[in-house]
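Q: Sequence:
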Amino acid sequence: MANSSFHYPSILHMEFTPVVDIVEDNETNSTTGERNLLGCVQIRIPQELFLALGLISLVENILVVLAIIRNRNLHSPMYYFICCLAVSDMLVSVSNVVETIVMLLTDHGLLDVHPGMLRHLDNVIDVMICSSVVSSLSFLCTIAADRYITIFYALRYHSIMTSQRAVVIIVLVWLVSIISSILFIVHDTDHAVIVCLITFFFTTLVFNAVLYLHMFILAHVHSRRITAFHKSRRPSTSMKGAITLTILLGVFIVCWGPFFLHLILTLACPTSPFCNCFFRNFNLFLILIICNSLIDPLIYAYRSRELRKTLQEMLVCSFCFSTCA
483 MANSSFHYPS ILHMEFTPVV DIVEDNETNS TTGERNLLGC VQIRIPQELF
533 LALGLISLVE NILVVLAIIR NRNLHSPMYY FICCLAVSDM LVSVSNVVET
583 IVMLLTDHGL LDVHPGMLRH LDNVIDVMIC SSVVSSLSFL CTIAADRYIT
633 IFYALRYHSI MTSQRAVVII VLVWLVSIIS SILFIVHDTD HAVIVCLITF
683 FFTTLVFNAV LYLHMFILAH VHSRRITAFH KSRRPSTSMK GAITLTILLG
733 VFIVCWGPFF LHLILTLACP TSPFCNCFFR NFNLFLILII CNSLIDPLIY
783 AYRSRELRKT LQEMLVCSFC FSTCA
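If you count by the numbering used here, then the sequence shown holds residues 483 to 807, one letter each, in order.
Don't read these hints as lab results, they were simulated from the structure.
A hint or two may mislead.
Unchecked claim - Derived DEER-like restraints, expressed as beta-carbon distance ranges:
{"hint": "1", "residue 1": "Leu586", "residue 2": "Thr644", "range": "46 to 54 Å"}
{"hint": "2", "residue 1": "Leu654", "residue 2": "Ile525", "range": "26 to 34 Å"}
{"hint": "3", "residue 1": "Gly591", "residue 2": "Ala627", "range": "27 to 35 Å"}
{"hint": "4", "residue 1": "Leu766", "residue 2": "Arg790", "range": "30 to 38 Å"}
{"hint": "5", "residue 1": "Ala627", "residue 2": "Val595", "range": "26 to 34 Å"}
{"hint": "6", "residue 1": "Tyr635", "residue 2": "Met599", "range": "48 to 56 Å"}
Since this is a predicted model, take the numbers as computed values, not measurements.
Glycine included, every Cβ here is placed at the ideal spot set by N, Cα and C.
Make a model of the complete structure from these sequences and hints.
A: So, in structure tokens, the structure goes:
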């Protein structure tokens, strides 16, 4: 991640001299805001906060994955995709925890690592972060498409979205994410890498926006038909799923948006004083990314009664086991 004191923000090794100078000044253990001569506010974030949020997020996403594996009622394509989204969030958490621990040990003189080893660690973390970005966006699109099929092709859903096809989609997404991430890191100094990421980000946002707009224009009528057919006033599962994934997408945009804006500004105005003020809070953008990984499991649990029930059972069993031991 980018809260490192021994190298520039590791995400994509964005080597822009003005930004490097700024980030080198952004390492401290204070959470207070500071102003430079230009009047820029710089929010300083302690490494311990990165570690704490990373650990919480890691535990939450592990619980989501275990709950989906444990409960057979959750063995459906949509929850397979949600499980993969949780794994994508775990990549962010693991990379953050590993790098923060290395930094803390290095800063306190408890670990002496060769610069070459740090570079290799940096590359591995970059691949994990980039894979998380690509896979998260891909699975958000996949889940949106799955909900679209559920709403508008309800009678044919199980023949269109089979478990075998879901597995094939999952494998393809991870292969593309990992391969593209490795290529991005190999060509880390090429501006085309950042352009590709930005283009992919906005392409997926447009795809999801169009899909959700179509869903919510017609889903109300469709939901009323299903409700009348089953003589029930409860909202349809497909509509609830669409709302859940809309919330997930909104949280993703809020948490990842500043980071992608950072990428855009590094290309558009790397030497502008205004952009430099924005660059000074890069660590804050990373905290938002970690918060996305932390918030997603809470959305799953809140929106899905079955998943919430399974998580509660797991926590109770874990508490009882630790008490008895």
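Q: If a hint holds in the structure, say so; if it doesn't, say that too.
A: Okay, the hints, checked on the actual structure:
Remark: the range hint 46 to 54 Å for leucine 586 to threonine 644 is upheld by a beta-carbon distance near 47 Å. Take leucine 654 and isoleucine 525: their Cβ atoms lie about 39 Å apart, and the range 26 to 34 Å is violated. In this structure the hint that glycine 591 and alanine 627 lie 27 to 35 Å apart at CB is violated, the actual value being about 51 Å. At about 31 Å, the CB distance of leucine 766 to arginine 790 agrees with the hint of 30 to 38 Å.
Our hint of 26 to 34 Å for alanine 627 and valine 595 is violated, since their Cβ atoms are close to 44 Å apart. Evaluation of the 48 to 56 Å hint for tyrosine 635 and methionine 599 yields a pass: the beta carbon distance comes to about 52 Å.
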